[in-house]
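Engineer: Whole structure, please, built from the sequences with the hints as guidance.
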Amino acid sequence: MVNEDPALSISDLAFQFDAETGPILKIKSWEVDRGKQVFLQGASGSGKSSLLTLLAGLQVPTLGEVRVLGTTISSLSNHERDRFRALNIGVVFQQFNLIPYLSVMDNILLAAKFGGKEGLSVRQRATELLSRVNLKAELYGRKSIDLSVGQQQRVAIVRALINYPALLLVDEPTSALDKANRDSFLTLLLEVLAENNCAMVFVSHDSDIGKHFSNRIELSELNQIGVNT
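Quick note: the sequence shown, position 153, residue 153 per my numbering, numbers continuous.
Hints were generated in silico from the structure; no laboratory data involved.
This structure is a prediction, so every number in the text was calculated from the model and none was measured.
Note that the Cβ used here is the ideal one computed from N, Cα and C, for glycine as well.
You may find that some hints are simply not true.
[Claimed, not checked] Cut-off 25 Å, straight-line C-alpha distance, at most; resulting in silico cross-link-like pairs (DSS-like, lysine-lysine):
1. Lys113 x Lys136
2. Lys179 x Lys211
3. Lys117 x Lys136
4. Lys36 x Lys211
5. Lys117 x Lys143
6. Lys179 x Lys117
7. Lys113 x Lys143
[Said to hold, decoys possible] Quick list of the computed label-pair ranges, beta carbon to beta carbon:
8. Leu76 x Gly35: 17 to 27 Å
9. Leu188 x Tyr164: 14 to 24 Å
10. Ile225 x Leu110: 32 to 42 Å
11. Lys143 x Asp12: 15 to 25 Å
12. Gly45 x Ala137: 40 to 50 Å
13. Ser175 x Ser220: 13 to 23 Å
14. Ile225 x Lys136: 40 to 50 Å
15. Leu188 x Ala19: 36 to 46 Å
16. Ser214 x Thr53: 18 to 28 Å
17. Glu128 x Thr187: 11 to 21 Å
18. Asp12 x Lys179: 31 to 41 Å
Structural biologist: Given below as structure tokens:
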């Protein structure tokens, strides 16, 4: 049996915005296996979003390492990190970050292009994923700015999955949804991830969301800030 690196691993991580403020995150170690979905809960202002940007390689730790699929992403150049992220990590931001005046399909195909994927097969995968998340074909040509919040959410998920990532990072994307739509979305998301064998870290302050996940952890269990050691 091949011994694979985990989807994500952290060792001796510390992060601070500047020398004046001191660290906001100190995490000794943490791993997420391939194909595993984890709910990471923390209060507002606890550093959840900062941790997610470190896992995505959008920021680099002050100390320590973040490894995705065995690659220490902080050791890569900015260009190499962008390329690695495009190929291996999907990110769903709290505000979705769709390009407002591009169509649904063009938002997705642009993400595929960043990952070096173009052509009919990419468009077919986009269509299959859009259908899987229950977005009607009549919306594929519509500008993302003209979509409802729930529709934008589904486009953001498809865009994040288009390049077959091994790891999906999700930052509170359900905050604008009512409970029924939120629960429906989470059930669908977990099904789609299982079908694509994709690991996920889903961060939120809402403990009620955690009931959808078999793997749950509090950021305070990981973060050693304020703990005497």
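Engineer: Each hint needs a verdict: does it hold in this structure or not?
Structural biologist: Hints and how they fare:
1. Lys113 x Lys136: holds, 23 Å
2. Lys179 x Lys211: The hint holds at about 13 Å.
3. Lys117 x Lys136: holds, 24 Å
4. Lys36 x Lys211: This hinted pair holds, its Cα atoms lying about 15 Å apart.
5. Lys117 x Lys143: holds, 22 Å
6. Lys179 x Lys117: violated, 36 Å
7. Lys113 x Lys143: holds, 19 Å
8. Leu76 x Gly35: 17 to 27 Å: holds, 24 Å
9. Leu188 x Tyr164: 14 to 24 Å: Because 19 Å falls inside the window, the suggested range holds.
10. Ile225 x Leu110: 32 to 42 Å: With Cβ atoms ~38 Å apart, the hint holds.
11. Lys143 x Asp12: 15 to 25 Å: Between Lys143 and Asp12, where Cβ atoms are some 45 Å apart, the hint is violated.
12. Gly45 x Ala137: 40 to 50 Å: holds, 41 Å
13. Ser175 x Ser220: 13 to 23 Å: holds, 21 Å
14. Ile225 x Lys136: 40 to 50 Å: About 46 Å separates the Cβ atoms of Ile225 and Lys136, which means 40 to 50 Å holds.
15. Leu188 x Ala19: 36 to 46 Å: holds, 44 Å
16. Ser214 x Thr53: 18 to 28 Å: The hint (18 to 28 Å, Cβ to Cβ) holds, given that Ser214 and Thr53 are roughly 26 Å apart.
17. Glu128 x Thr187: 11 to 21 Å: This hint holds: roughly 19 Å between Cβ atoms.
18. Asp12 x Lys179: 31 to 41 Å: Given range 31 to 41 Å: holds, Cβ gap about 39 Å.
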